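Engineer: Use the sequences and the hints to build the structure in full.
For the protein sequence lines, the chains are A, B and C, in the order given.
Just so you know, we're using full-length UniProt numbering here: the first sequence kicks off at 1 and counts up by one.
Just so you know, we're using full-length UniProt numbering here: the second sequence kicks off at 1 and counts up by one.
Just so you know, we're using full-length UniProt numbering here: the third sequence kicks off at 1 and counts up by one.
Check each hint, because a few of them may be wrong.
One side of the interface only, derived from the structure: several residues of chain C facing chain A at Cβ under 10 Å [claimed, not checked]: (1) ASN19; (2) ILE21; (3) SER28; (4) ASN32; (5) PHE35; (6) ILE278; (7) VAL284; (8) VAL286.
Label pairs and their computed distance ranges (CB to CB) [unchecked claim]: (9) ALA144(C) <-> VAL17(A): 49 to 55 Å; (10) VAL154(C) <-> GLU57(B): 27 to 33 Å; (11) ALA52(B) <-> ILE417(A): 23 to 29 Å; (12) ALA223(A) <-> ALA110(C): 50 to 56 Å; (13) ILE417(A) <-> TYR97(B): 24 to 30 Å; (14) LEU83(B) <-> PRO277(A): 37 to 43 Å; (15) ILE91(C) <-> PRO68(B): 42 to 48 Å; (16) GLY144(B) <-> ARG467(A): 15 to 21 Å; (17) GLU264(A) <-> ILE91(C): 46 to 52 Å; (18) GLU264(A) <-> GLY144(B): 52 to 58 Å; (19) ARG91(A) <-> GLU137(B): 45 to 51 Å; (20) LYS111(C) <-> SER136(A): 49 to 55 Å.
Hints listed in this document are in silico derivations from the structure and should not be mistaken for laboratory results.
Quantities reported herein were computed from a predicted structural model and do not represent experimental measurements.
We put the beta carbon where it would ideally sit given N, CA and C, even for glycine.
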Amino acid sequence: MDPLRIAMICDFFHPNVGGVENHIYMLSAELIRRGHKVVVITHSHPPDRVGVRWILPGLKVYYIPFPTIASSATLPNFFTFLPYLRSILLRERITLVHGHASLSSLAHEGILHAHHMGVRTVFTDHSLFGFDDAASILTNKLLEGALCNVDGVICVSHTGRENTVLRAGYRFESKSAEVSSKRKFDPTIWHVIPNALVTEKFKPTLDRVADNTVTVVVLSRLAYRKGIDLLVATAPRICELFPNVRFVIGGDGPKLIDLLQMREKYLLQDQIILRGPVRHSDVRSVLAEGSIFLNTSLTESFGIAILEAACAGLYVVSTRVGGVPEVLPADMISFAHPEEDDVIRAMSEAIKIVSEGRHDPLSAHERVKSFYNWRDVAERTEHVYAGVMNSVPMTLYERIQRNLELGPYFGLIFVVILVVDCFFFQILEWTMPREDIDYVEFDWEQEKFEKVAREETMQAQEESSQRDSRDSDGGVRGF
Amino acid sequence: MADGEEREPTSPLSPVAPYPRPPIQRSRAPEFYGFVGWISTSLLFFLYIFWAILPEEWLEWLGITWYPSREWAILVPAYSVVLILLTYFTYWALAIYSTPPFNDLRTVTGPHSKAHFPDKMNPDPYLSAASPDAIPEMYDIPIGLVNRVLYGERPKGK
Amino acid sequence: MSSREWEKVLWKKHPYPDNYIPHTFLSSLRKNTNFKPYTYWPLVLAACSITQHLSTVFIFLATFIRIYDGSWDPRYLVWSSVAIFLLGYVIWEVLEYKTLGYLVKHADRAKTFKSSILVFLALMALSPVLRTLTAATSSDSIWALAACLFILNVLLADYGSLRPYGHTRDRLTSVLSMNAAISSSVVLASRLRDDLSVFALILFSVQLFALYPLVRTRLQVTDAFTYASITIFLPALSIYLHSSPTNIITLILGIVLVFITFVAPALLLWAQSYKNEIRGPWDVAVPQINTADH
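Structural biologist: Okay, here's the thing in structure tokens:
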């Protein structure tokens, strides 16, 4: 397809670490490789991560100096981002905006503003939300407003898509089959594209010492939502049932104290090893210690940790929640209900499978490699982009109509926001005219980068060899 | 996999957990809190309307001899609108305040950026990233390299 | 390959496009899973505790007005408080006997009387202090403060019945509620002229706001008929006490009480038809942990 100029917009990006951050980076890198031009727009990270940075392989990142309010998200306010976004989209000649993560207000604003500049929009939702607590009700309302302006939606799992469709405010009469909604529901814009992983980074270890110890690895944030209560309840019973089992637990969080207490109470210091916080680059080395990966999460939209473990050749035991059942074929994973007895049952099964040698790490790695890679993800995302670019853009009147459908009060509020946004944009057009904008004249070219990188390296080698010889001279003289 | 979740047991060999899973009893207290919230907000709304628009004689007839001055019925909403506008200006002001000037080094790099550069240059990560099937690594590209790629050759003789 | 049926998995390569919506879409959606419709009369009975609580607040206010304008002698109030206390204690013992099945021990009874005499004497000794507590504050502020505290009391009060297995630890909100009511009566009492009136009013407020809720939670589980008849008596008393000053207040009070007892449960029943609770695999699961061995 024709090269596009894409702006990824999200509150969560490097130097933060996490699933969304990594997804955006890998997708952008792969799209750049496929000949598109990609910039990322995110908020700044004080003290010195502000302005424009270039990241390998030629990804331009705009760090907008907005203060964050909670967990690295900016204030949801609908308007403040517009002046920045307008300048960036115009100077980079962006044709498509891709927002990520439903808690990112920058992404929501990007989708709201993009149509002023004739830019099309895609949104990727990475997480699952409930419907019954105050925070979800509020964020779901904001999402509802954003998603009625979007041209394409991508979710990371089928369960995630069902959840996002419901959160976007579509209520269906019948439970399944003919989706007849009170609001007009366009099924063609809802896509499912899974996450992927760099399989080369998670190779199974071959030189494992052959003894009968079975090591169970747990890598997760130690929080209630990750089901650490289940782990605390089941670990001592598993250790009692199987004296040859060893737990290696990595991660940090509020539930660490419960784990420590459990270990103290049952005197399991030599069977349960706590590793503390593990950096993402060290994940593989921790995974390499074990042969079973246990995930006790209570909610999970995709479960990238499971995939990484499976790729590293571990047999996976997981609670059957959210999108987890979709991720791996049934012979690579044992499911358990989030119940103490059932987790023990699944773990016993897994320990039996692993100690009988019925799980082959190498073939598991090869299979995961054939299931998921970023190239596929980028290709499928490209298809979404192509569909969006070929669709007919909504007119302003259509947008107002769709916003009004949101509800008698909320719809009206959103229409007011939409109209105020139009006025604000016109004011910006007048105060910061397009001809005054500093347009980007030179684009990043991969061949040129290759050439320059080779030259630089050669130069650096030359210099270092000169320096070495000089140093050795100096050393002699010094004596 | 229609209804797959309900039909397919997770434990075909050793069913310890009861199947299908019994529905979880959740507390019904939120229903009542919601109901009280709904009733009281609508009540408060009507009280506000009556306070704001009823003529004074009517209120006196109702036995209300004292009530807060009615100008507050306009002032409080007016103040809150201004407060919202103020939030916008404050947010912009904070954003502008934390924008470094063009000649500030922070617009390019900074002392804390060291973590974003590769710590060993051998083998050169930039060279390997330039190859077509490299695994992308999240490293900053130094501004000199960027400028050479974007704007061409460094002038001879530095 | 192309004849392959669609599956809800991500690892398999499908011939279907990414925006294919299968016929099983949203089949795991569950609506109103553990929904049990309410019936009217049990709801009315549950609303009775709210009515009773509101009535006690209004009875207290009426008593305060009477003492404030001097139409009641505080000595009568002291004597009637003592009488109510004794009567309430007898009812309490009967209820304990009915619910637990054995009589209250003699030592416990002596302890109760000892502490109640202690409270009685302490209040008596403190009443001169309490009378001058807010001497420097204007009456208008006191009325506003008392109203706020009573609203807080009504909002936070524990309207539930007694938990079956002596789960007696009070929640924070119900303790806060009681404290709000007592503080409110203290600031109101500080407007009175003589020590005896202050003493009488605070004694009465302790009866109403600290002791009566204890009896009420027990009454609620014993017998629906007695409970309902008390619910008729208390509002009637509060309306009667308020009937003399102005008729409009009586009317408003009557409307509020009828609304809470009869109309609000009906509204809740009606609102049930709009209930739409959606659950699905995306919900945060509730981990089930065997509690026996912990």
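Engineer: Evaluate each hint against the coordinates.
Structural biologist: Status of the hints after comparison with the structure:
1. ASN19: Given a least distance of 5 Å, the restraint on ASN19(C) holds.
2. ILE21: holds (4 Å)
3. SER28: holds (7 Å)
4. ASN32: Violated. Min distance 12 Å.
5. PHE35: Violated: closest Cβ of chain A sits about 14 Å from PHE35(C), beyond 10 Å.
6. ILE278: holds (6 Å)
7. VAL284: holds (4 Å)
8. VAL286: holds (7 Å)
9. ALA144(C) <-> VAL17(A): 49 to 55 Å: Given a distance of about 53 Å, which is inside 49 to 55 Å, the answer is holds.
10. VAL154(C) <-> GLU57(B): 27 to 33 Å: holds (30 Å)
11. ALA52(B) <-> ILE417(A): 23 to 29 Å: holds (27 Å)
12. ALA223(A) <-> ALA110(C): 50 to 56 Å: holds (52 Å)
13. ILE417(A) <-> TYR97(B): 24 to 30 Å: holds (26 Å)
14. LEU83(B) <-> PRO277(A): 37 to 43 Å: Given range 37 to 43 Å: holds, Cβ gap about 40 Å.
15. ILE91(C) <-> PRO68(B): 42 to 48 Å: holds (43 Å)
16. GLY144(B) <-> ARG467(A): 15 to 21 Å: For ARG467(A) against GLY144(B), whose Cβ atoms are near 19 Å apart, the range 15 to 21 Å holds.
17. GLU264(A) <-> ILE91(C): 46 to 52 Å: holds (50 Å)
18. GLU264(A) <-> GLY144(B): 52 to 58 Å: holds (55 Å)
19. ARG91(A) <-> GLU137(B): 45 to 51 Å: Taking Cβ atoms as reference, ARG91(A) and GLU137(B) lie about 28 Å apart, which means the hint is violated.
20. LYS111(C) <-> SER136(A): 49 to 55 Å: At 50 Å between Cβs, range holds.
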